[in-house]
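Chemist: Residue strings, one per chain:
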Amino acid sequence: MEGILAQTIVSGLLIGFLYALIAVGLTMIFGVMDIVNFAHGDYLMVAMYFSFWLFFLFGFDPLFSLPIVTILLFGLGVITYYLIIRPIINAPMLSQIFVTFGLLIFLRGLAQFLWKVDYRMIPQTLSSGNIEAFGIYFGKPQIIAAAGAVICNGVILWFLKKTRLGMALEAVAEDKEAARLMGIDSDRMYALAWGIGIASVGIAGVLLSSFYYVFPEVGANFGLIAFVVVALGGFGSIPGAFIAGIIVGLVEVLSGFLIAPSLKFMFVLAIYLAVVFVRPQGLLGHK
Amino acid sequence: MKNKLPVIAFLLFFCCLIFFPLVFKTPFPRHVLIMVFLYATMGIGWNIIGGYAGQVSFGNAAFFGVGAYSSAILLVHFGISPWVGMLVGVLLSALLAVIVGYPCFRLQGHYFAIATIAVGEIVMVAFLNWNFAGAAVGIYLPILEQSLKNFEFHTSKLPYYYIIVCIFLFALAVCYFMEKSRWGYYFRAIKNDPDGACSLGINIRKYKLYAFILSAVITSICGTFYAQYILYIHPSSTMDLMMSIQICIIVLIGGLGKLFGPVLGAIIFVPLTELTRVYLGSQGQGMDFIIYALIIMVIAIMRPQGLWGVFSREARGTR
Amino acid sequence: MNELLIVQNITKRFGGLQANNNISFVVNKGEIIGLIGPNGAGKTTLFNCIACFYNVDEGKIFFKGSDISQSTPQRNCQLGIGRTFQIVRVFKDMTVLENIMIGAFLRNKHPRDAKRKAMDIAAIFGFAHKLQLKASSLTIAEQKRLEVARAVATDPELLLLDETMAGLNVQEVKESVELVLKLKERGITLILVEHVMEGIMSIADRVIVLDDGEKIAEGSPRDVINNDKVIQAYFGDKYHAKRREFTTSIQ
Chain A
1 MEGILAQTIV SGLLIGFLYA LIAVGLTMIF GVMDIVNFAH GDYLMVAMYF SFWLFFLFGF
61 DPLFSLPIVT ILLFGLGVIT YYLIIRPIIN APMLSQIFVT FGLLIFLRGL AQFLWKVDYR
121 MIPQTLSSGN IEAFGIYFGK PQIIAAAGAV ICNGVILWFL KKTRLGMALE AVAEDKEAAR
181 LMGIDSDRMY ALAWGIGIAS VGIAGVLLSS FYYVFPEVGA NFGLIAFVVV ALGGFGSIPG
241 AFIAGIIVGL VEVLSGFLIA PSLKFMFVLA IYLAVVFVRP QGLLGHK
Chain B
1001 MKNKLPVIAF LLFFCCLIFF PLVFKTPFPR HVLIMVFLYA TMGIGWNIIG GYAGQVSFGN
1061 AAFFGVGAYS SAILLVHFGI SPWVGMLVGV LLSALLAVIV GYPCFRLQGH YFAIATIAVG
1121 EIVMVAFLNW NFAGAAVGIY LPILEQSLKN FEFHTSKLPY YYIIVCIFLF ALAVCYFMEK
1181 SRWGYYFRAI KNDPDGACSL GINIRKYKLY AFILSAVITS ICGTFYAQYI LYIHPSSTMD
1241 LMMSIQICII VLIGGLGKLF GPVLGAIIFV PLTELTRVYL GSQGQGMDFI IYALIIMVIA
1301 IMRPQGLWGV FSREARGTR
Chain C
2001 MNELLIVQNI TKRFGGLQAN NNISFVVNKG EIIGLIGPNG AGKTTLFNCI ACFYNVDEGK
2061 IFFKGSDISQ STPQRNCQLG IGRTFQIVRV FKDMTVLENI MIGAFLRNKH PRDAKRKAMD
2121 IAAIFGFAHK LQLKASSLTI AEQKRLEVAR AVATDPELLL LDETMAGLNV QEVKESVELV
2181 LKLKERGITL ILVEHVMEGI MSIADRVIVL DDGEKIAEGS PRDVINNDKV IQAYFGDKYH
2241 AKRREFTTSI Q
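Protein chains in written order, with my numbering: chain A, 1 to 287; chain B, 1001 to 1319; chain C, 2001 to 2251.
Calculated directly from the structure, the hints in this document are not laboratory data.
In this text, a Cβ means the ideal position worked out from N, Cα and C, and glycines have one as well.
Mixed in with the good hints there might be a few duds.
Computed from the model, here is a short list of chain A residues facing chain B with C-beta under 7 Å [unchecked claim]: (1) Leu-83; (2) Pro-87; (3) Val-99; (4) Gly-102.
Calculated lysine-lysine pairs in the DSS-like style (CA-CA distance at most 30 Å, straight line) [as the list claims (entries may be wrong)]: (5) C/Lys-2229 <-> C/Lys-2029; (6) B/Lys-1180 <-> C/Lys-2115; (7) B/Lys-1004 <-> C/Lys-2184; (8) C/Lys-2092 <-> C/Lys-2117; (9) C/Lys-2117 <-> B/Lys-1180; (10) C/Lys-2064 <-> B/Lys-1206; (11) C/Lys-2060 <-> C/Lys-2130; (12) A/Lys-264 <-> A/Lys-161; (13) A/Lys-264 <-> A/Lys-140; (14) B/Lys-1180 <-> C/Lys-2092; (15) C/Lys-2134 <-> C/Lys-2064; (16) C/Lys-2130 <-> C/Lys-2115; (17) B/Lys-1004 <-> C/Lys-2117; (18) C/Lys-2184 <-> B/Lys-1206; (19) C/Lys-2130 <-> B/Lys-1004; (20) B/Lys-1180 <-> C/Lys-2109; (21) C/Lys-2134 <-> C/Lys-2029; (22) A/Lys-176 <-> C/Lys-2109; (23) A/Lys-162 <-> A/Lys-176; (24) C/Lys-2134 <-> B/Lys-1206.
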């Protein structure tokens, strides 16, 4: 029993790191420009399909596709910004919500149209297999994904806090007007935020594709989890997203293990609601 | 003179409602018409909370599901008339609206929208796991003798059409009187500026709750109708997030906070959905979504107030 | 009983910052009180505490004898305290008439009555010919006036006006002053927060000066402008040089 529990906790932690990576792009875009990208989970789906097709057509291992997909998704994020986000920056919130919702439906519809609703999976990758330690089994792809997520989160945080460009981005998030006076072009910073935000979810998608099915709706659940993580951690807070990701991962696997697997998602959402009602700004968010 | 035009327009519209089925005699166009009014009614329900009061709810399908399941469960397990079931559904939906709304209305903007997604999903997962309610398989309603009392008709879709038109007119009337009353003004004030509204003595949370209850009640009635019309319900056909989204889209296309916005939205949106489904079939799966998505994005970017204004005086700038 | 509002030793903190520190004063029925002070003095915080947009950390506020220190904005308004905002918060998508009606609905449940009352008030505030215009199409000065009209429609006994004169030209300031006097004639007690002193000095019965979260002076406008602390607060160490200029500009 303890063994299984320990196993469960470890797998919760591993998936939690990945959730944090999925959420970090969402929280960053929100933090910089106050727009919630409802289509965030669907970029994850796009990245997973890219990874799948690169494997299926060219035999690229996901680890090898990683840089390619990251660059593709960065570009996709920037294009999305210039094409549909820029026109609605100052629009009422309802329009903003509907535009990114439209994007969600568009990406999902496109995936259904192009690739049908089949579940697809990359069969065998370089990272397949298990490792055993202390009587606990770790799936290698999960470990690689979790490690990748931690590294990637670290890099993003380092980028924001230590590089000139990152600090400029933070400045825009803090105060658009002041940043403008300092000579920072907020338009380009927004594009950059979208690029990085979408690229980071792309990395998560590739890492996920080595051990999870790809299908057009795959973004739905992960997207919803990303919202929960972001709102739980506090909109715009990157460390908040990291902690919340781990909490969500743990709640998910533990409620699945202790209560019922089919209800685990319900518990994640219930925890989210409970936290938000007590602290509307999330764990680490400020008003 | 100025006030006669809308009256005439409405009478014309009303005549069309009655005579439509005489023009469209085959089942498919009638089915499309029924779906148009079903969605228009749900749109009116959503418009009250989303369009007038400005609180984007992505969980309205939960009320639809509660309506559908209340009457279906009562009929299947207890043999209670769906008409009574409809009332029970209304009460339960109103209760759900209060339970959900009371804490959720502390949240603003995006936080509220995401919380409603969470609530909608929780309700759906609960039904997926509730064996008494048929779990994921859903409920087949018993085939009864056709009559108004049993709310079942098998030889023709015509009675269903007239029932949904009545429900639609009821919802339209509710919305009309709401719009003209103090509530309507307060809802719009809250949407425009919540701080300004509470500085004028408006208890925002209370009025948001009123809007949510009205919205829930109308949506729930639609749910019961749907269950009796299709005679088979399951969680993903009655309370999926996609359904909540479709309801919002209809209002957005037609016009947020406009009485006839949802009607216009449904007239455009529903036939499009049904036709793509028929003509593209499984081949074009996803094509209907791509089309909606493009419509939504174009409207939200180019004309966020919806298409309704195109036909009204307001658009010509006299206001 | 002549005291309408009693503010007793209130303190309001934001994190470590003490925005209001131990402030007390009394407002009598029918008075016009000016609340002034340099930027960041805590005027708006104090104002928001009285309007219950913030709840005070310490101290009490009494309105007509009842404690409102932990009340809510809407209850405050129902009790008879109206307010405007520093950055205008009119209902932009609604017409001028509808904006005023929202206020009038507080005491008149029926739309017909609310409409009649709103038309009366609109006439007083010079909106008779602009009833059907969208609030967003008005000028800023008009929007500020609309906010006052809207608040007056709730039948307040005490009206809090937050920088209604800021950013207005000379003519508009003059109109604003006349408006305030008109409100006084209707029996409304007023508290005016102003950063600019010119407009307020001619009409205020008493002036309360805040600096750095504390009340540093209180009295008639004439007494206050000669108060050393006030001049110090406004002009710091350069006050000797500026003093004459300052007094003449006000008189």
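Chemist: Hints first: check each against the structure and report whether it holds.
Modeler: Checked hints:
The criterion of a C-beta within 7 Å of any C-beta in chain B is not met by A/Leu-83, whose closest approach is roughly 9 Å, and the hint is violated. The interface hint given for A/Pro-87 is met, as the beta carbon of that residue sits about 5 Å from the closest beta carbon of chain B, less than 7 Å. Proximity of A/Val-99 to chain B holds as hinted, the smallest CB-CB distance being about 5 Å (cut-off 7 Å). Evaluation of the A/Gly-102 hint against chain B yields a held restraint, the C-beta minimum of about 4 Å falling below 7 Å.
Restraint check: the Cα-Cα separation between C/Lys-2229 and C/Lys-2029 comes to about 28 Å, which is no more than 30 Å; the hinted pair holds. Restraint check for B/Lys-1180 and C/Lys-2115: the C-alpha separation of about 12 Å stays at or below 30 Å, so the hint holds. For the given pair, B/Lys-1004 sits about 44 Å from C/Lys-2184 by alpha-carbon distance, which is inconsistent with the 30 Å threshold. For the hint linking C/Lys-2092 to C/Lys-2117, the alpha-carbon distance of about 21 Å falls within 30 Å, and the restraint holds.
Taking the CA atoms of C/Lys-2117 and B/Lys-1180, the gap is near 17 Å; set against the 30 Å cutoff, the hint holds. A hinted pair counts as satisfied when its Cα atoms are at most 30 Å apart, and C/Lys-2064 with B/Lys-1206 qualifies at roughly 26 Å. For the given pair, C/Lys-2060 sits about 42 Å from C/Lys-2130 by alpha-carbon distance, which is inconsistent with the 30 Å threshold. A threshold of 30 Å between alpha carbons decides the hint, and for A/Lys-264 with A/Lys-161 the separation of about 36 Å lies outside it, so the pair is violated.
The suggested pairing of A/Lys-264 with A/Lys-140 holds, with an alpha-carbon distance near 24 Å, which does not exceed 30 Å. The hinted pair formed by B/Lys-1180 and C/Lys-2092 meets the criterion: a straight-line CA distance of about 19 Å does not exceed 30 Å. Restraint check for C/Lys-2134 and C/Lys-2064: not satisfied, since their Cα atoms lie roughly 36 Å apart, outside the 30 Å limit. Pair hint C/Lys-2130 plus C/Lys-2115 holds up; C-alpha atoms about 14 Å apart against a cutoff of 30 Å.
For the hint linking B/Lys-1004 to C/Lys-2117, the alpha-carbon distance of about 27 Å falls within 30 Å, and the restraint holds. This hinted pair does not check out: C/Lys-2184 and B/Lys-1206 have alpha carbons roughly 33 Å apart, beyond 30 Å. A threshold of 30 Å between alpha carbons decides the hint, and for C/Lys-2130 with B/Lys-1004 the separation of about 24 Å falls inside it, so the pair holds. Of the supplied pair hints, the one linking B/Lys-1180 and C/Lys-2109 holds, its CA atoms being roughly 12 Å apart against a limit of 30 Å.
Proposed proximity of C/Lys-2134 and C/Lys-2029 is contradicted: the alpha carbons are some 35 Å apart, above 30 Å. Pair hint A/Lys-176 plus C/Lys-2109 does not hold up; C-alpha atoms about 43 Å apart against a cutoff of 30 Å. Among the hinted pairs, A/Lys-162 with A/Lys-176 is consistent with the structure: their alpha-carbon atoms are about 20 Å apart, no more than 30 Å. Simply put, C/Lys-2134 and B/Lys-1206 have alpha-carbon atoms about 27 Å apart, close enough for the 30 Å limit, and the pair holds.
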